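Visitor: As given, the protein sequences belong to chains E and X, one line each in that order. Note that this note's numbering has the first sequence beginning at 1, numbered continuously upward. Note that this note's numbering has the second sequence beginning at 1001, numbered continuously upward.
Check each hint, because a few of them may be wrong.
[What the hints assert, rightly or not] Below, a list of computed lysine-lysine pairs in the DSS-like style, where the Cα atoms sit at most 30 angstroms apart: (1) E:K373 to E:K445; (2) X:K1123 to X:K1078; (3) E:K76 to E:K364; (4) X:K1008 to E:K279; (5) E:K222 to E:K82; (6) E:K139 to X:K1123; (7) X:K1008 to E:K222; (8) E:K139 to X:K1008; (9) X:K1078 to E:K76; (10) E:K260 to E:K139.
Don't read these hints as lab results, they were simulated from the structure. For clarity, every value in this text was computed on a predicted model and none was experimentally measured.
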Amino acid sequence: MRKSIGLSFVYLALVSLLAALFFGCIGAFQYIMPELLRDSFPFYKIRPLHVSLIVAWIFLASVGGIYHALPRILQKPLYSNKLAIWHYWIFLITGVVIIISYLFGYFGGREYWAFSPILAIPIIISWFFLIINFFTTIKGYRIELCEDKNGTSKLVWPVYIWMWATGIIFFFLTFIEAYLWLIPYFRENIIGELTVQWKAYGSLVGSWNMLVYGLAIYVMEKTSDTRISSMPLTYSLFFLGFINLLLGWSHHIYIIPAAKWIRLLGYAISMTELIVLAKIIWDWKGILKQGKKHIHSIPYRFLLSSDFWIITNLIVAIIISIPAINIYTHGTHITVAHAMGSTIGINTMILLASIFYMVSENRKEDYSETELKLIYRGFWLTNISLAIFWTTLIASGVVKSYYTLEDMPFQQIMNSLHSYFIVFAISGMSLLIGIVMIVIPLLSKLSANQLAENEQ
Amino acid sequence: MKMILPIKILLFIILAYFVYSFAIYNQVMHTEVARKSISPLAVKGKDVFQKFNCISCHQIYGLGGYIGPDLTNTISEKGEAYAEAFLRNGSLRMPNFNLNDTQVEALIEMLKAVDSSGSFPAKDFDVSWYGTIQKKEKE
Chain E
1 MRKSIGLSFV YLALVSLLAA LFFGCIGAFQ YIMPELLRDS FPFYKIRPLH
51 VSLIVAWIFL ASVGGIYHAL PRILQKPLYS NKLAIWHYWI FLITGVVIII
101 SYLFGYFGGR EYWAFSPILA IPIIISWFFL IINFFTTIKG YRIELCEDKN
151 GTSKLVWPVY IWMWATGIIF FFLTFIEAYL WLIPYFRENI IGELTVQWKA
201 YGSLVGSWNM LVYGLAIYVM EKTSDTRISS MPLTYSLFFL GFINLLLGWS
251 HHIYIIPAAK WIRLLGYAIS MTELIVLAKI IWDWKGILKQ GKKHIHSIPY
301 RFLLSSDFWI ITNLIVAIII SIPAINIYTH GTHITVAHAM GSTIGINTMI
351 LLASIFYMVS ENRKEDYSET ELKLIYRGFW LTNISLAIFW TTLIASGVVK
401 SYYTLEDMPF QQIMNSLHSY FIVFAISGMS LLIGIVMIVI PLLSKLSANQ
451 LAENEQ
Chain X
1001 MKMILPIKIL LFIILAYFVY SFAIYNQVMH TEVARKSISP LAVKGKDVFQ
1051 KFNCISCHQI YGLGGYIGPD LTNTISEKGE AYAEAFLRNG SLRMPNFNLN
1101 DTQVEALIEM LKAVDSSGSF PAKDFDVSWY GTIQKKEKE
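Looking at chain X on its own, in the form it has when it is part of the complex (with noise of 0.2 angstroms):
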């Protein structure tokens, strides 16, 4: 049967996509920030990150739920122990996960990966006539 039009265009648009996705992928997966991949203790955090959906109340570069306060610059910002001290005993607003020592490690882990790969919010960045940003040259 003949294809008509309409389904031309669409398996065009389908195409044109992946090719646009691939080139997507290609550069963000290969950029120095990104090509630091994590160890696997990180990931091993990343996955109780999830598994106890952390994202519902914190933030990662300030996408995720409100309650809590973002976490991208948590370890460089107020250190290791002050961290650890919210996964073991939570508080008021933070429930308690009884999360084992493993856990706790590896979330840590995961909190420094994150810590190391940039940091929210931009401070100290210029910003171009037409609107975009960029950020400052360290000298």
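Same shape as in the complex, but just chain E (with noise of 0.2 angstroms):
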């Protein structure tokens, strides 16, 4: 077998979670120490190289798990190895000059993407390889509908191609329509222009979640062998989530007096999650049950845990929707809590789930008795410390909410919270070494696994 460009994409994927997270960490502490590295590593230089290496973690291990997935879903080779290795490059060497233009101090200055417009030409180039990769190779791909009640058996695509279909093309669309205000039209105009900006990211970070929730069935199904991918209830779930990913980002703007109508709209969508929450919550007994049987498996323990993250950002997702709640909890660290609960607690969880299994399968032996303690005390620090770091944000928005209203000055605010501050950064730094000691034996696995399927 060729060396799977799958395992390359995770391989740098795992190397920019932990540059992000080290990022992270002295992020925070700029937030207790305003003084650390002021001149040399500034704080408008640190965000942007934080959340570009983040959001480079979940493209670069989802798009892996896609490539590694594919021709083991399909039993046959991906349409073109070389388009795959094209993208992986062409990612790469965007990814490095974006971190160099953010040293120099050149930036496009924008919400996630603080980079250079420029920089965004390649990334979309490299995105239209994968589309052309993906479609050509599930050309005419389709199972068997399971449990249908008229008895005759439909061909559909299994639900987690659904999922990394419409990801992979709204990312394309979405990314696109997020460069928008380069045209004056939007430019020259505050209020349209952001609500076309944060209508693009709400629903572009809504399709990178399809990237990753696809990922997350698929493992799913492999760790427990059920055939949730081709239930007709599942599609119910898929159909909704999309519709919420794509249309319900209007509760970033709630604050901004755009037309009524959007927001009405948003809200009202938002509140559909609630039959998801549902549907998950009435599920979970059954996972914990099913979970005695499939601990042993490392994939597994990780999903379980995203689901438990699934559950708490779902209620405070609904929760912040609510617009007469929004309005005391937008601007606040509430949402910081919502971004970091979900990027880690359910992206990274569900992401290294999907790693593990494209590793070593199932297989608990494949590590020794040292690297699986290390593996186990590292989850646990990683979904501990997330914890302490998750409410200690909810905390201060609900504190910093209380201050705003009663016209506190900014700054005797921020010193107000200067407790929670210091709570936030050194949780942060011990889900930092948690994640650290989780990632280390995956990537000397991923080094010994790419040397012998080179040598074969």
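Two chains, two separate frames, one set of hints: put the complex together.
Guide: Right under this line is the structure:
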């Protein structure tokens, strides 16, 4: 077999994750020690490094997972391994250029994509390669829908193929949409531009979540021998989730004086997430029962913890999507808690599950006793640190919101939050240590793995 | 080659997304506040704002970084001179970017434009029974 391009993506992903968390910790400590690296590594350089590297982690790991899974699902090679390799190198080189540009202080200055807009071009091109590769590879592929009540079986895509297909297409569209601000028509209109920007960002995050959740379902199926990916109910939930991800963005901008129907539509759609939440909680007991059977599988453990974080984050998301509550939580660290909870608790746990599955499937035996200990302790350290981190952010958001209502001056609010920021920075640090403990065995397996595949 | 059903559905979803997006753009670009497009100098101010990545520390309408204060209504609440002092000198927490006069002027113009577009945090609003908010009518 040729060296799997998926594994190369994943290796790079893990390195990005470590770097992202490292910069995140520096940023967190700059909150409490404003003089820390003030001149050499100021916060306005650290933050984009942290954000871009985390986004890189999510994309590299999910794209790597897809490139790796497709040939196994379809039992045939990718349409073009070469295109995938091109994709990899364009991503890598663009990433390096972006990091260098930050260090030298060249910014595009937008949220999420703080790099110069020119650097979006190679990303768009490489993504186009993925589109061609993905859709040509799955051309004509269908499976039987299971449990059809009428007794006839329909031929469909499994739900994870749907998730990847929609995620890949909509990332392409919304990423381009996020650059509409370059057009003067939008740029010369403050409210219009902000609305368009957050509309694009909301759906953009939705589309990368589709890539990640698709992997979650794929790995779930592989570790627990169920056929969830082709059950009718899973499709309904997928479509509901998908509509939410695409249209449920307006809670970012309730606060902006835009048209009322936009807010109402966004609100109504956000509330349909209650159905998804109810369903997950409903299933939770069953999952836990199953968990006893599958807990020997490392990927399963990570999926289980992501499920926990899905529930907690969904509850917060639903609450802060209510406009009358959003008006207080908006612009506070509650939003940060929401972002961190979903990128670390949900996305990172799922992606780690997926990488463990790619590297060693459900075989615990591939790891030495010491490595297993390291992974399990890292797992707990990460989750517990995240819980502290997350709770502190929520608490500091509540306090900030309260003081803002009281019209307390900004600097005084920040001073009164100082102790929260200390807990935040320290738990961030232990989170980094936890992730390092998990990632080191993975990286060493990956280097060995790639070598072995090269030799063949 | 005949298109399979999933591809047809996917194309339909993409089309629907375009229609929906245009409806949104059409609406937001023509509300009364939004229609006041901003002066060329203020647009230049936005470019400066992006060039120095001010959003990493500051928020506008509560969107952005959290180390610095929200800037939506700085001008009307604290005045131009106050804002200019920060732009020219920085502070313990805010770096001094050594901005030149044109850049400072453009930034102030931009902050003024943002200020006149609305207010944050929202004050004086009514809450409906189903949780939406509406600005109180001014008598």
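Visitor: Looking back at the hints listed earlier, which ones does the structure fail to meet?
Guide: 6, 9 and 10
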